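Peer 1: Listed here are the chains, written in short residue letters.
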Amino acid sequence: MTLTIDYDFRKQIRSYNASLDYCFQCSTCTGICPVAQLTNGDFNPRKLIEASLLGLKDMLIEEPKVWYCLTCQKCVELCPQKVELTEIFDVIKNYCVKEGKIPEAFNSQAISVLETGVALPFSDPIMKRRRQLGLEDYKTVDPKEIKTLLKSIGFDKLLRFDTPTTDKKEGGK
Amino acid sequence: MPFIESSAKKVFEKLDIKMTNMENASCCPDPTGFPAVDQTAWLTLGARNLSLVENKKDDIISLCSGCVETLKMVNHTLGEDPAKMEEVNNNLAKIDKKLNGKVVVKHAGQLLYENLDVLKSKIVKSLKGLKVAVHYGCHFLSPSEIIQWDNPFEPTTVDEIVRALGAESLDYDSRLQCCGNPLLKTDKDLAYDLLYKKLSDMKNAGINCITVVCPSCFLQFDYQQRAVNKKYGTEFKFPVLYLTELVALALGFNDKELGLKFHGIKPKKMLQELNIISNE
Ligand code: SF4
Ligand code: SF4
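Residue numbers (the working numbering), protein chains in the order written: chain V, 1 to 173; chain A, 1001 to 1280.
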């Protein structure tokens, strides 16, 4: 794979999060990262930061390792240079999304929030169980309000409605 | 998970702390999946939620570490960056809402800890015999500069609460490791590997139940132990109790009142054997 350096991409990440500049590639982040350990370094936060510094946009977006980050923040806690890795990864993920590369599970959750205001809508069985346990009924947001708000900032344009959405997750209990 | 909410309501009532539901709230939204799609939308929805209570001068108490992190991050980010605050408020203007300043956001676990003396005075049932693995989870602690609560590498607050109830809190190797839940979205196998490591360490430490302070961690431990067993041929079957459920048991509530039968792994038998609940 040829590597294209895209300075503009780097500049854009920096404009969202200037802490990128301070990375001196010490690898403390990768040392503490549980996913790096599990994948034998296949997922490597230091390398992702390096690629961001170099502006290797294609590499970051075409091969979206960045989605494997747990956002556990261990690297952020330990980075001697106070690089905000998880926020930088979010900027990269936002770019992936803009290019239509959104993993299905993230897409379906975002659609649920767009349509209902919540990631896991209150189902009838849950409402019933709430009453069984003596909890009063609860009024969540009017979905229309959230939809208006999110549409006004173009959030719906980022999502893919062509793929089947799986809205029943294990959170139904 | 209404059983978690119900236990918290019962506990805080006993502690004379008044709670009301935060009506018209949307998802916080979660600090992992949502900002990955669009950071600005995440900040905007978070700010909308904060604006709902700002005028009432209430604090926000949440049972979810993810919600707490999101709302604290939104507070922090917008507080530091007036331009971002203006952008978000321009968005909120479309639905006639506005956020002015900061709202106090607290995790229910923090509130419990701050009221530990009162709590101790209300205990009617010692949880002696419970050997607890405390799973702090990530967002309860980090990023510590923003969460500003416990020490992210040597946390003690939840252990102190657990011990105050008469239970033991045992140390185990991967104590501070993530539960792995976010990886279910990208690679289930890796999520199970992470959980397997934690469960093995817990087992080696000799625990008999797990305590969590986050519904997402709860789901991971309570519902995915089965998946781990399937993958690894193990037989993990540790009951998982959310912190306020544990406290509620010490305050004298029984499994029925708490709806513990709705858990994936039922704690009833173990609690009966330890005489924490009666044998009916
Ligand atoms: S720990 Fe910080 S400075 Fe070191 S490589 Fe990682 S991001 Fe760079
Ligand atoms: S936040 Fe992401 S990159 Fe950092 S240690 Fe956790 S999983 Fe690794």
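Treat the hints loosely; a few may be bogus.
[As the list claims (entries may be wrong)] Pairwise CB distance ranges (calculated):
#, chain 1, residue 1, chain 2, residue 2, range
1, A, K1268, V, K11, 51 to 61 Å
2, A, K1237, V, D124, 25 to 35 Å
3, V, E115, A, K1269, 33 to 43 Å
4, V, Q132, A, G1101, 32 to 42 Å
5, A, N1055, V, D142, 15 to 25 Å
6, V, D142, A, K1106, 18 to 28 Å
7, V, E115, A, N1090, 18 to 28 Å
[Stated by the list, open to error] PhoX-like mimics (lysine-lysine), calculated; alpha carbons at most 20 Å apart, straight line:
#, chain 1, residue 1, chain 2, residue 2
8, A, K1098, A, K1056
9, A, K1056, V, K147
10, A, K1098, V, K128
[To be verified] Derived, one-sided and incomplete: chain V residues facing chain A with beta-carbon distance under 7 Å:
#, residue
11, Q73
12, F106
13, A110
14, I146
What the hints contain is simulated information worked out from the structure, not anything from laboratory work.
Since we're looking at a predicted model, the values are computed, not measured.
Every residue, glycine too, gets a C-beta built ideally from N, C-alpha and C.
Peer 1: Would you mind marking each hint as holding or not holding in the structure?
Peer 2: Verification of the hints:
One distance hint, 51 to 61 Å for the beta-carbon pair A/K1268 and V/K11, holds here, with the actual separation near 59 Å. Range check, A/K1237 to V/D124: about 30 Å between beta-carbon atoms, so the 25 to 35 Å window is met. Evaluation of the 33 to 43 Å hint for V/E115 and A/K1269 yields a pass: the beta carbon distance comes to about 41 Å. Between V/Q132 and A/G1101, the C-beta spacing of about 40 Å keeps the proposed range 32 to 42 Å intact.
Evaluation of the 15 to 25 Å hint for A/N1055 and V/D142 yields a pass: the beta carbon distance comes to about 19 Å. For the pair V/D142 and A/K1106, the supplied restraint of 18 to 28 Å holds, since their beta-carbon distance comes to about 27 Å. Checked against the hint of 18 to 28 Å, the C-beta distance between V/E115 and A/N1090 comes to roughly 24 Å, which is consistent with it. Restraint check for A/K1098 and A/K1056: satisfied, since their Cα atoms lie roughly 14 Å apart, inside the 20 Å limit.
Using a Cα cut-off of 20 Å, the hinted pair A/K1056 and V/K147 is violated, with the two alpha carbons roughly 25 Å apart. Distance hint between A/K1098 and V/K128 is unfulfilled; the C-alpha atoms sit about 34 Å from each other, more than 20 Å. Because the beta carbon of V/Q73 sits about 4 Å from the nearest beta carbon in chain A, less than 7 Å, this interface hint is met. Residue-level restraint check for V/F106 holds (minimum Cβ-Cβ distance to chain A is 5 Å; threshold 7 Å).
A least Cβ separation of about 5 Å between V/A110 and chain A falls short of the 7 Å threshold, and the interface hint therefore holds. Here the hint on V/I146 is kept, as its CB sits about 5 Å from the closest CB of chain A, short of 7 Å.
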